[in-house]
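Student: Given the structure of chain A, go ahead and fit chain B onto it with the hints provided.
2 protein chains.
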Amino acid sequence: MQVEIWTDVNCPFCYLGKKRFNDALAEFDGRESVSVTHRSFELDPTIPAGTSGSVVEHLAQKYGRTLEQAADGERQLGAAANEAGLEYVTSGRDYGNSFDMHRLLQWAAQLGRQEQLLDALYVANFAEQAPLFGDDDRLVQVATGAGFDEAAVREVLNDPSRYADEVRRDEAQAQEFGVGGVPFYVFDRKYAVSGAQSSEVFAQALAKAWADRPGPTLIADGDACGPDGCAVPQN
Amino acid sequence: MQVEIWTDVNCPFCYLGKKRFNDALAEFDGRESVSVTHRSFELDPTIPAGTSGSVVEHLAQKYGRTLEQAADGERQLGAAANEAGLEYVTSGRDYGNSFDMHRLLQWAAQLGRQEQLLDALYVANFAEQAPLFGDDDRLVQVATGAGFDEAAVREVLNDPSRYADEVRRDEAQAQEFGVGGVPFYVFDRKYAVSGAQSSEVFAQALAKAWADRPGPTLIADGDACGPDGCAVPQN
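In order, the protein sequence lines correspond to chains A and B. Residues in the first sequence are numbered from 14 upward in steps of one, following my numbering. Residues in the second sequence are numbered from 14 upward in steps of one, following my numbering.
Since the hints were made in silico from the structure, they are not lab data. Heads up, a few of these hints could be off.
Copies of the same chain are indistinguishable here, so a pair counts whether it falls within one copy or spans any two.
Below, simulated SDA-like cross-link-like pairs (lysine to any residue); rule was C-alpha separation at most 20 Å, straight line [to be verified]: (1) K221 - Q154; (2) K221 - T59; (3) K75 - D241; (4) K32 - D234; (5) K75 - Q127; (6) K75 - A244; (7) K32 - A244; (8) K32 - E141; (9) K221 - Q82; (10) K32 - Q154; (11) K221 - G235; (12) K75 - P240; (13) K221 - D201; (14) K75 - G193; (15) K32 - D225; (16) K75 - G160; (17) K32 - V214; (18) K32 - Q217; (19) K221 - V49; (20) K221 - R202.
Chain A extracted, bound-state conformation:
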């Protein structure tokens, strides 16, 4: 079974949802047959690359809240994260353009190590005080801390065309599915779950998708090779 998860490193509910989903997956009987891919979704592609801003100030300004209201939102997210067993820095977090992170995550996926990089980026953004955005050196530090090769990371970062198509393709697919927010979970392209649900809801979704996992409908049958040989015409 294929599970695709559209996500953004800027998104607290993605961080929270990943933990809850993984908790459900760890208990799921069919877990050995579940393949998980994290897909790119930029929460705000209009943020200029190379900049970093305060999350609380940004939220207050963007949504017309007071700084105290915005800070309170962060504290509530922190409480929910702590309850799920995650650390969360409730003040001083930054935000920024995530395109380069998505490119790195696409690269890591091709190395079969996407999960490690995503976890490291989430921890750096949500559980560590140091700013994460707007600074390639910090990104390199996080990636090398997760076991990636520094030169290879810099090579991807320094060429903005690398894995850009893969990011755009994920975003186009999200648009086609009508995804308006993340995290967004798609099971075998048949069922979807939006948002940081509880582990119980993820467990139910996994069970439902597993039970209904599609055998594709055969629409054309013809010359093939099998254990009994190829369908070569006999004279």
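Tutor: Chain B in isolation, oriented as in the chain A frame:
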């Protein structure tokens, strides 16, 4: 749209089908949004690794045909391949265990260059006289000819555990779908086409799958972050 193609390098109809499918895809309006993955299927996993045998003798023995009947089958496959614009060596081809080729193809997929390796393996098996099976040096020669790094290829070949799980997972998925032979084409896990169909049939299948490409059904909706912010409770 995702197209998965279960295939084996030993399979002439896979070679033929790939050309016909690609011809259809090249003319398909939505081709920029089609992602193709080749999946592992061993036609005969019981063949010992490290051996090479004559295809014609093998077919004659296995299916109780005369050598002439088996050779005639090869000639007919060759004629069909030529008609599709492919070269085909109609005598002297060998066969063998393809597990290591599948491991290499899984590796190449993670590099984003699976297509190049598969094409090179097909050409080596079906269009060149030199034996392909049972000899790592020949595999290395084919892969480096397709632009892969010799040391990296040998590293994969020398460790039989590398990408073995990925091969097994593809094969388990094929079994779950009831795939009895290859090539086997699956469109968004919704529709399937078996065998080396004509380009017209592939074009129809692409069009049908495209028109019906699934939006997944939302089964749970909840706390998410979107362009308008995160669904943080407001006090």
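Student: Tell me, in ascending order, the numbers of any earlier hints that this structure violates.
Tutor: 1, 2, 5, 9, 10, 15 and 16
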